[in-house]
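A.B. asks: Protein chains in written order, with my numbering: chain F, 1 to 377; chain E, 378 to 774.
Hints are computed from structural coordinates only; laboratory data are not their basis.
Each hint should be verified, as a subset may be incorrect.
Unchecked claim - Per label pair, the in silico range of CB-to-CB distance: (1) D18/F / R660/E: 36 to 44 Å; (2) P447/E / N103/F: 52 to 60 Å; (3) E60/F / D379/E: 25 to 33 Å; (4) D521/E / R30/F: 44 to 52 Å; (5) R266/F / E384/E: 51 to 59 Å; (6) R381/E / E118/F: 33 to 41 Å; (7) A278/F / K650/E: 38 to 46 Å.
Just so we're clear, the structure is a prediction, and the values are computed from it rather than from any experiment.
For each residue, glycine too, the CB sits at the ideal point set by N, CA and C.
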Amino acid sequence: MDLGLSEEQEMLRTSARDFLHKECPKQLVRQLDESEEGYSPELWRKMAGLGWIGLPFPEEYGGSGGSFLDLAVLLEAMGYNILPGPFFSTVVLGGLTILAAGNEEQKKRFLPEIASGEMILTLALTEPSARYDAASVKTTAAVRNGGYVITGTKLFVLDANVADYLLCVAKTKETANPEEGITTFLVDARSPGVKITLLKTLARDKQCEVSFDEVSVPKENMLGELNQGWPIVQGVLQKATVAKCAEMVGGAQAALDMAVAYAKERVQFNRPIGSFQAIQHYCANMVSDVDGSRFVTYKAAWKVSEGLPATFDVAVAKAWTGAAYERVTLLGHQIFGAIGFTMDHDIHLYYRRAKASEMIFGDGRFQRGIVAREMDL
Amino acid sequence: MDFRLSEQEEAFRREVVDFIEKELPANWTQESLYWPGGYGTIPDFEEIDPRIEKFRHQLAEKGWLAIAWPEEYGGTGRSHIEQAIFHERMSYYRAPGPDVGTLISGPTILRFGSDEAKREWLPPIARGDIRFWLAYSEPNAGSDLASIQTRAIEDGDDLVINGQKTWSSGAHTSDYAWMAVRTDPSAPAHKGISLVIVNNKSEGITIRPLINICGTHSFNDVFFDNVRVPSRNIVGEKDRGWYYLMVALDFERLVVPIGGFRRTLEELVQYSKETGNGQALSRNPQIQDILAELAIEIEVASTFFWHTAWMLDRGLVPNIEASVLKLVSTELSRKLASTAMEVMGPYGQLERSSKWAALGGRVCTGYLDCISALVGAGTSEIQRNIIALRGLGLPWS
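Chain E extracted, bound-state conformation (with noise of 0.2 Å):
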């Protein structure tokens, strides 16, 4: 057992940040009003900022998009831990870069897909070329993911699909749906589903905005109408795309921005301790029980984040460890936000563009992305259950 980061980690870990610190715009990390754990406030769904796109594309460069993969996909071949020191760096500096596509989709493709399909998708993903969303949830079909009615019908070369998607975050920045599609209606529901990838520009796909309760467009309702897809985008079998969805879930719930709780913790203590009425707010014991309350679990749940990545390096399969990490982190994300309107009061509820408004207004809008944390990539009811019936067994019925 050893909790130090070998030479080579470090090593990582201090390029990490040098690079960080010499690329990252200007100002970034205080502008950025990314709430962590929170599905509503990530930089990318709203919008490709110019500078979003130069940032990713030096980090593809570095190979750093896609750094567990191995090297022949535009990977750097380093491990699962050096991959969690990257993440947890640039959470920590609200950084932007990696997306659905490096963190979900092409880790899949490489689990699941064909040698064919990792050489087409698994390097463009890697270079930061293209950007893929999740098509999953369905306005009938939301924890229930099985239940999904958008069909995928054969015809000739090509699966033609009918249906509409919902909570589809980011469908409007990227390039690609990575999709959840009914290829055989009539088998069982987990039996007949297929993973496949669809070109955003297919003629017959309508996005239309939602707006969530941050005041931001980050996510849609999406229509497909007689769109066209080659049969060929199918990732691994077709009809065995429930088994290829829960690996992908599983990537999905490892995706914890646990640096970003570290930030958000430090600017908290900051303020605490230059905010008071003659007294500062750090001095106050009541505020000090909170604030360590606070760093306690940032504690706990930061363990979880370094265990499934060191799972991953002993070719263990984190699958009830996601959950319990994903349940953990979003709690926390609510946790976090509760205890920070806690420590500023009133200016809590002010936000950004308001006079007075403290911590940038991240509090503010913290408190409303947050909700997204309990409910987004399956709800904390949801992982409670895999955790019980996947993880320890318990019955059905």
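The shape of chain F in the complex, shown without the other chains (with noise of 0.2 Å):
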């Protein structure tokens, strides 16, 4: 047994934390939250000449041929910095879905382009009944003139204001277990009939509501067999649930950092709030926290690297991560009183994303019925 990163990803860890800390300051980070595109072009570019955007991709396709676990510790260092953009979307939804389903010509065709940093795709899945399961999925793919023809609307999507390819879950199939009548298709964004709202978020990330309306798609944009997308979806719901927990550690960690440095320097009562036990004591409580969810992460990310079982690791990552990473974020507030109430602090920044995150892809209640399932009860 060996619970350590390699030398490689300890490197990793630090080069991409020291990056980002120079090159996303909260004040970009600000600039680009209230940005419609969300992300800097500028910046975009520098991550695919570090390899990032193609990181996980086999060198066969332009990518750098890390691990999915060197993912996560990248997503860690984004997290602490609260780096916003469509990597996520591009790597762990669209990119990596498309490793694992699309064929080889369709690997060819989007995955060098992805790694270098030339097109963003995002997952457009959920729809306004904002669950996770097939049979919520009411948007139809029909077939017509050799092609498919998409109609419904999408709610929740990241980045799809930015996006060039869509990854769309449609229903083709009426079927008894809706499981078996889905499938996914990859949509040019900028097709006729796709019209994209931008939403308001509480942690200004760009999630967008996508309609479509008669969208034409070429049948050799489906991504693996009609009617087999269910099992693709789940793949990668699997990778992005444990992705998104790597992000939320780094953000925990980050909290707890700047909870600390203040708790030194703050002066009340003629010392360092510090030296206060109700403050020691939150902060002895987000180590547990912090420290709690990058093992459990960790120990899922592995797993999903492996291509081991680890749908109850997975489910026990998030669960846990997400409500650790709101209650430091509280903890983190209560630390900085009232200079944590105004825009103009950062601690609200990690509250925001804790929040945005723990939802996404399933909350805790969500995920304990995962885990209560593979629990057997």
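The task is to assemble the complex, starting from two chains supplied on their own in separate frames and drawing on the hints.
C.D. replies: Written out as structure tokens, the structure is:
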């Protein structure tokens, strides 16, 4: 049993933290949060140049040949610096799905462009019912003229407003078991009939409504086989869930670091507030939450990286980390007091992201349902 | 990074399980009232059942009371991960065997004792021939351990000890006190303490039972009236005891019955599947939610447990990590009890001897014992102080 990161992973962790600390200061974060696009093309190009966007893709497709575990290390650094932008959508939701389910032609068509930073993607799965099950997919894809025509509305789609392609999950067959009638399509976001509306969210992440009004999709843009798209979706969701946990671990660590630094310098009653037990105990609780989150997240990420069954561990990680990140940011706010309640201060940037991250891909209650099923209750 | 056990680790685990299943007295797992994380239901602290002695010596014969110790002192030279595997499985069966000597005194002597002390104490500890009890707390020195008053004055080649220890778990079932005494009253509190080994049979020692809230005689008040002990029984250097104590406390905090949590959860799950009025409790979504939450917390605590073992194998010293592990696992002890009560409803309040008692009355006793989990070996508040002050460097004043 070896619970440490490799030397290369440690190097990636430090270099990513340092790079983002320099290239993605909070001033840029706020700017991007308020912008429509939500990312900096210049920074995006730099990350592509570092091989980050192609990190988990094989070298034959222009990637860096890294593992999913390597990606988790990178995502933790991104979470620490709360890097805005479509990295998660493009690499995890889009790229890894094409890698897992695409045919050779699709992989050659999409992955190199993704890796070089020339293509942004996202997954259009959830609908107004805001659920992650196959029965909730009402958007349809019907056969027409040798291709397909998609009609329906997707909601809470990350980064659709800047995406070049949307991985759209649609119903292609009416079946007793909804999971047997789902197909995923690669849809050009600029296709006629696609209408994207940016939502205004708590975390300023670019979640969108995407409506499909008889959008034509060529046959060669079907991902995997007809009616066999749900296992593909399940695969994405598992990876996305634990990838989001890795980001959350980074964010929680940052909140802890900020709060501790402040507690050491803020003076009230003639002493640093960090000398009061109430504050010390908050910080100690934050340590348990952050470390525990890191341990269960990396265990789940390792299992996913090794291709081992990971359903239980991923659900454990998401349930715990989602709640922990929220607790940590709440305590952070308590430690900062009134100044933390100002827009100018940074802690609320983490507090907002904690909630958004907890919710996406299924909140604690949803994950506990999975755990209960895995426990055979 | 690799969470799998190596072939060697896997083989050792199988060996441990085979041994326990064969040699642990029949029904022990079900009869034991031991609540994971609690300090009031540890069997050795109450009385030494002959079956415990026998099993302990069988373990000792295999070197399993001292797995990660060097072979020259009675250990097997295996890794800390393997030692953790042993403890995880042992606790899963609620199996007794290790004691304060094997878990705390021995490792501390290994770290700080003279070669002479190692040769004198480690082999009998590893053989399971002697038991130690922790003589730390006093009526006026609980969380503030450095304020202990028990005096040890030099007289020739001996120390003469006067004072009182309290909350002395297992003093009445052990052979030696692992004792913190003040050897230099003129020095600042932390700098005048020594760690000394005292034979229970020494003249002048009076043990007075205390009954804990579980109704068990697990701990005591112990009075020392001019008790003589050879000065060579001082562990390490005189007056440097505080620093050894801190390490001994870290060792104590690493002892977590992580398998015991899993076992109790399994029993609770089984109970919820077999109990219900028309519909099994386990089919109730609210019960499912709280059982899942408990399972998640056990997974989290488990990762802390393995992490500290891995650290030890890397030559790293789990210091703040020991406090985090203790904090997390003892709070879990409490969570386990409260979840069990929620699941069992009124049946949870029935003691073992009562008609209609379920799960052997373990939850009722455990609900009481988990109070000690948050208080013994350093309260949760003290653990948080350590994490904050030593770990995060937050200021004292």
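A.B. asks: Now, for every hint given, state plainly whether the structure supports it.
C.D. replies: Against the structure, the hints come out as follows:
1. Checked against the hint of 36 to 44 Å, the C-beta distance between D18/F and R660/E comes to roughly 52 Å, which is inconsistent with it.
2. Separation of P447/E from N103/F is about 59 Å and conforms to the stated range, judged on CB atoms against 52 to 60 Å.
3. For E60/F paired with D379/E, a C-beta distance near 26 Å keeps the hint of 25 to 33 Å intact.
4. Between D521/E and R30/F the CB atoms are about 47 Å apart, so this pair conforms to the stated range of 44 to 52 Å.
5. Roughly 53 Å separates the CB atoms of R266/F and E384/E, a value that falls within the hinted 51 to 59 Å.
6. About 39 Å separates the C-beta atoms of R381/E and E118/F, a value consistent with the hinted range of 33 to 41 Å.
7. A hinted range of 38 to 46 Å for the beta carbons of A278/F and K650/E is consistent with their spacing of about 43 Å.
In this structure, the one hint that does not hold is number 1.
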